[in-house]
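Those protein sequences? They're chains A and Y, same order as listed.
Each residue of the first sequence is one higher than the last, beginning at 186 in the numbering used here.
Each residue of the second sequence is one higher than the last, beginning at 7 in the numbering used here.
Hints may contain errors.
[As the list claims (entries may be wrong)] Calculated pairs, DSBU-like style, for lysine-lysine (alpha carbon to alpha carbon, straight line, at most 30 Å):
(1) Y/167 / A/256
(2) A/245 / Y/245
(3) A/238 / Y/167
(4) A/238 / A/190
Keep in mind the hints are simulated off the structure, nothing from the lab.
Small disclaimer: the values here were computed from a predicted structure and weren't measured.
Residue strings, one per chain:
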Amino acid sequence: MEDMKEIILKYVIDEYLEDDSDEIGFDTPLISGGIVDSFSMVSLKRFLENKYKISIPDEKATPEAFDSVNKICTLVNAFLK
Amino acid sequence: MGYSDKVRTLYQEQLKALQDAGIFKQERFIHSAQAADIEVEFPTGSSLKKVINMCANNYLGLSSHPDVVRAAHEGLDRRGYGMSSVRFICGTQDIHRELEQRVTEFLGTEATILFPSCMDANAGVFEAILTADDVMISDRLVHASIVDGIRLCSAMHDTFKHSNMEHLENKLQLHADKRLKVVITDGVFSMDGDTAKLDEMVALCEKYDAMVFVDESHASGFIGKTGRGTHEKCGVVGKIDIITTTFGKALGGASGGCVSGRRELVEMCRQKARPYLFSNTIAPVVVSGVLKVLEILSKSTERRDKLETNTAYWRQGLTEAGFVLKEGDTPIVPVMLFNAKLSQDISRDLYAEGIYAIGFFFPVVPQGQARIRTQISAGHEKHHLDQALDAFNKVGQKYNILGKTKQEIIDMYGM
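If we strip away everything but chain A, and leave its shape as in the complex, we get (with noise of 0.2 Å):
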């Protein structure tokens, strides 16, 4: 778990942040906090399908499924086998 958490948090960081961004943890806001706009989900969500071998249905992403990296990781779970 800790690890899925790092994991997805540096891929957050890397993919939405800009160099000079404030640092971000486990439960900052990523969508209502404007940190991952909804047309940039996508990819994370390609991310997690991808890394953890996974399907997640369109709607069980939603932005409030997809607002901290805590959250994010309850969703992954809840479709790993």
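On the provided structure of chain A, position chain Y as indicated by the hints.
The following block gives chain Y in isolation, referenced to the frame of chain A:
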């Protein structure tokens, strides 16, 4: 009556919120033709003021060129005022076909289709050529009209960091399983004035079997040695699959746009692009004017050469004065002020000095990146630029920002 007091109040409150937030847009009325020297009524009802225009997209100074105006007159006389039809019913004249051929030759593509505007071209092209099996990968700073076109398309959408080719390559790998991939960028980015790395982008797209889309609205007519655009500057003429551009900026500045590129993609637009199918044809008078513009530009590079000289002179003048500029070599020269109110105050003071230049701030540009975007034209003479430099110097001194770094300006005025 559906438009009750309750509904009216709702909209009045929304408009007031825009005013309170300082983002309410007000038009300034110009009482002359578009040129370097214009007469402006601002605020509304005030007497006319002669100012130098430093914020038009009239890059080549062709908006009121006598040869273009004459050609438009002749087009009006010979082909009439309007067509009262979309293209595919009875709205296509011989001159529409001729303009599509001329644009194809000018851009070095396979085929072209005209649209009522480039906004329409961008709104219609993706939906016409892509399906839910495909992916669009766009630079994060592409123009709003492209964002709208992407929203209207069922294909998957992803983004890459601005001009970051490593990030783009990651995305091309991530979406390798998609049927079709299109990489989407502006040629010249309208707010920062920087140029896409089209040579690297084309190489990546060849490696990963993706198409390249470029919006050349702020490039057609003057970027590249003969003004063909960013693809000429980057040495990739003939390798861009889809170019969209406008006739509303350097190419006469009236209206209209196009999709130009691979023959099959253009034909798909002719069959399926909704803004093409359901919006009127470009008026004959405009088509006639653009034909003359392309004739002028195909004969000589004099105007784009003058624009290049003017741009270098303007950049050097502002740099020596001590302003913070966005780096680049295009005629879009953003003077960075970072603070929204400062950008509005300086714009107002410049206007009092006879210089028309607009301040941009969030949400048009990112938070903390307020600026005055200056745009140079081949229609500017040296005396225009000198007068504008004097005014910028005077106003810059007043606000004590000359020779200051970004951080020093932010420390004084905040983000």
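To see whether the hints hold, each was checked on the structure:
Proximity of residue 167 of chain Y to residue 256 of chain A is assessed by CA-CA distance (about 25 Å); at most 30 Å being required, the pair is judged to hold. For the proposed pair residue 245 of chain A and residue 245 of chain Y, the alpha carbon gap of about 40 Å is over 30 Å, so the pair is violated. Proposed proximity of residue 238 of chain A and residue 167 of chain Y is supported: the alpha carbons are some 26 Å apart, at most 30 Å. Only pairs whose Cα atoms come within 30 Å are accepted, and residue 238 of chain A paired with residue 190 of chain A is accepted, the gap being roughly 16 Å.
Of the numbered hints stated above, the single one contradicted by the structure is hint 2.
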